[in-house]
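Chemist: Spelled out, the chains give:
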Amino acid sequence: MALGRFLLKRGIQGVLVVWGVVTAVFLLRFITPGDPVTFVAPLDAGAELRAQIASELGLDQPLYVQYADYIAGLLQGNMGYSYLRGTEASTIVLARVPATGERAVAATVVATVIAIPLGVISATRRRDPADYGATLFSLVGISTPNFWLGIMLILVLSVQFDLFPTSRRPIGLFETLAFLVTIENGIAAPMNVDAFLNGLWTWLWHIALPAVTLGTYFTALVTRLTRSGMVEELGQPYVRAARAKGLPESLIQYKHALQNTLIPIVTVLGLQLGTLIGGAVITEAVFAWPGLGTLVINAINVRDWPLIQGSLIVIGTGFVLINIFVDTLYAYLNPRVVH
Amino acid sequence: MSRDDSDVNRRTYLKYVGGTAAAVGLAGCSDDSGDGEDTGDGGDGSDGSDDGGDEEQLPEPESRKEHLERANLRLNERAPWIFLNRQYSVYGIASRLDWDARRDERIEAQAISVTDGEPSVTITQSSMDSGLDPHDHRETPTDNIVVQAHDGVLGRNADGDIADGLATDYERLEEGRVRFEIRDGVTFHNGDKLRPSDIAYSVNRVVDEDVGITSPQNDQLAGVTGAEVVDGGVEITSDGINPIVFSLFASYCKVVQQDWIESRESSEINSDMNGTGPFQVVEYEQDVKIVYEPYADYWGNVPDIEELTIRSASESSTRVSQLLAGETDLIVNLPPQEVSRVRDEDATEVTAVPSTRVVFNAMRYDVEPFSSAEFRQALNYAIDVDSIIENILQGFADATGQPTLEGFVGYNGDLGPYPQDVEQAEQLVEDSGHAGAEITLETPVGRYLRDVEMAQAVASQIDELSNVSCEIDQRDFASLAGEVTSGNIENMPHFYLLGWGNTTFDASQTIIPLLTSGGALSSYREDEDVNELMSESQSLPGGN
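For the record, the sequence lines run as chains A and B. When the letters of the first sequence are read in order and numbered with our numbering, they come out as residues 1 to 339. When the letters of the second sequence are read in order and numbered with our numbering, they come out as residues 1001 to 1544.
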């Protein structure tokens, strides 16, 4: 029950945050220079034609009318129509979500898989070459701008040694998984395992460099966090008690100390995952990765507000959902927070 | 053209034309000048366009070409811009392809031939389309995607000359009315036959807001008022004589099938194409790629390429890496600093062609200190354009001293770029009465090839004058463009860097919008001589 109330409270807070994001993003357009009509109208358009276009786009309405229309549309799943493309903003925005999600999750997986063991090794072998190596890696990782790292990885691993493709996302993870689960006329079609494996390989091959590029900073950060957390935990009385009881050192390190260290790490992971969804625009550009970041930048350049608003709302909602998930996980790892 | 050559040309021409015009121009080319040329200004903040009797000393222009050339002379003298350069379109291309770049920046893949390897071609541009509706965009990347599948009424060859398209013959019937005879045996990709009414509909869809959409290409068919089918041909009406009407149709207005368009929602029209062009769409993934195959029933030569793919990568370094790794065959907008990387590889080459884009620094005629022609001339003399081209653009540009580019109708071959002459510039600033002026050059970031670097060089060279200080303000292009295109000169920046592409190859389509009183983007609206010359030129035959 306590967990249920906790989640309900977080859910309500999340809704309020999303509403705040929607309102803030909506108001942003009125304080941002640049008129969308400029990009839609012919260059020699007179005042009358400009007014007509503004009217067609609904930009001639009072602020509160535009806001009410927008909220009403959102509640029906309608984010409006892209000024330039003329198609539904929601269709364009949602089509970008898988690419962004895959990239963020892949970067997080790369970071977690590398950083946590590295942090543990670093903490348990203090002042050992392994510790110095991990520390150096962390410093370099945190200090390296990811756009530079991305370009270097492309130049060395793609252009020079031809080990990875330079860029692009020829297939998505969901499209790959669809080879395993295809419903035709209500009946599950036979699994196409070869196509799945080919798709999975192509996907992994293409996402490797973006994931490493984006995950490096993250890896370094989590390595440092893990190390400092573990060092602190290993000095706690309960660890001394466990050792006195004769428990194996690996059990003490990985079951007891690491589990307690994970609590702040999970919080950071959640925050970083949210950042990865909205950020990493430059990484997307370097790898020609068709995600939300580049969509937002391109839309800002031409003041395509339905696309800007739609993208930011999706990013904001994603951030809120991830944080609710992290809070839930946090409550599971440390039940005291529920109370 | 070297600075010395241009100097000689300016001298020669101005000696020929004589009179006050010579005084204005020659003063800029000689070392012993600065004696109060352009006296009409007087440094009082007004442009002083009555400076002169310039035209009294010159033979009256008769033909349209002479009118346009005279307008360019006048603009060179009055210096409403700092004339910078004509940029090149620079491409990286796989050596296995044979292709000549076009001057109008379009990539028509039909002209590409594969000399080695798979008969498939991938092109990577800086962005994908903003929708596939041929009449609802005005950016080059979308153009490049649309032109593979859609033909125009007329076309252009690689040199920019008018060529036949879906019309096999065209003639001017009377002032304001021209006629196109339509090619037989042409079919759309869905197999339906092309009808003259499709062409009339396509024209009306662009120029008439009541036909389908408010097309942003409306101004590209400037002066055209409508089209109708008459006796199996299509007749186009215009306001006035519209001397460049054929030139406009050679560059703009792709032909669509009326039934196909009218039976579809906007979202469908923006995600598929049914043209008469050499390629038909096989696969379209918005923002990601478009794949074509040759259209077997194409009325012209069916392309050799078996599969054409167009993709995008916004980062130039990514495009270069894709080319070097063999993942693409042709990349656009190769930046100067990447040229050697592409050139040094055996499997790749660089190809460049002078574009139709002029880059300039506009100065508002109605605000001090830019209201003084002497001050504007001084800024032109302060700049070493050749150095900017050599050091910032690695030679991929040509210096210019007029708004019209070489090869365009109305280009004045006797006008060279302003030479750098710091003493002359400082003297002109003194004469203008604006010594000590502090000015700011507003520049977009990343809109044009090395725009910020060019602006920094311009500002730095102006700042080196002893009596003017200059700094730059880097602007988001969207907000800068919004101010420039607002239609209200009061909203325009005082001094800004801009580029202007003109694929009609006619001077009027640069001068009228940018440098006349009625121009939508004009920063120079008070020169009656230019207004009159341009107005007269538009009532005379003689387009490209």
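Think of the hints as simulated: they come from the structure by calculation, not from any bench. We put the CB at the ideal spot given by N, CA and C, even for glycine. Among the hints, a few may not be true.
Pairwise CB distance ranges, derived in the manner of DEER restraints [claimed, not checked]:
(1) 31/A x 1367/B: 22 to 30 Å
(2) 1159/B x 58/A: 43 to 51 Å
(3) 64/A x 1352/B: 29 to 37 Å
(4) 1536/B x 65/A: 44 to 52 Å
(5) 1126/B x 20/A: 53 to 61 Å
(6) 91/A x 1126/B: 17 to 25 Å
(7) 144/A x 1464/B: 24 to 32 Å
(8) 66/A x 1340/B: 36 to 44 Å
(9) 91/A x 1116/B: 39 to 47 Å
Chemist: Against each hint, give a clear statement of whether it holds in the structure.
Modeler: Here is how each hint holds up against the structure:
no. : hint                       : in the structure
1   : 31/A x 1367/B: 22 to 30 Å  : holds, 26 Å
2   : 1159/B x 58/A: 43 to 51 Å  : holds, 46 Å
3   : 64/A x 1352/B: 29 to 37 Å  : violated, 54 Å
4   : 1536/B x 65/A: 44 to 52 Å  : holds, 49 Å
5   : 1126/B x 20/A: 53 to 61 Å  : violated, 35 Å
6   : 91/A x 1126/B: 17 to 25 Å  : holds, 24 Å
7   : 144/A x 1464/B: 24 to 32 Å : violated, 39 Å
8   : 66/A x 1340/B: 36 to 44 Å  : violated, 52 Å
9   : 91/A x 1116/B: 39 to 47 Å  : holds, 41 Å
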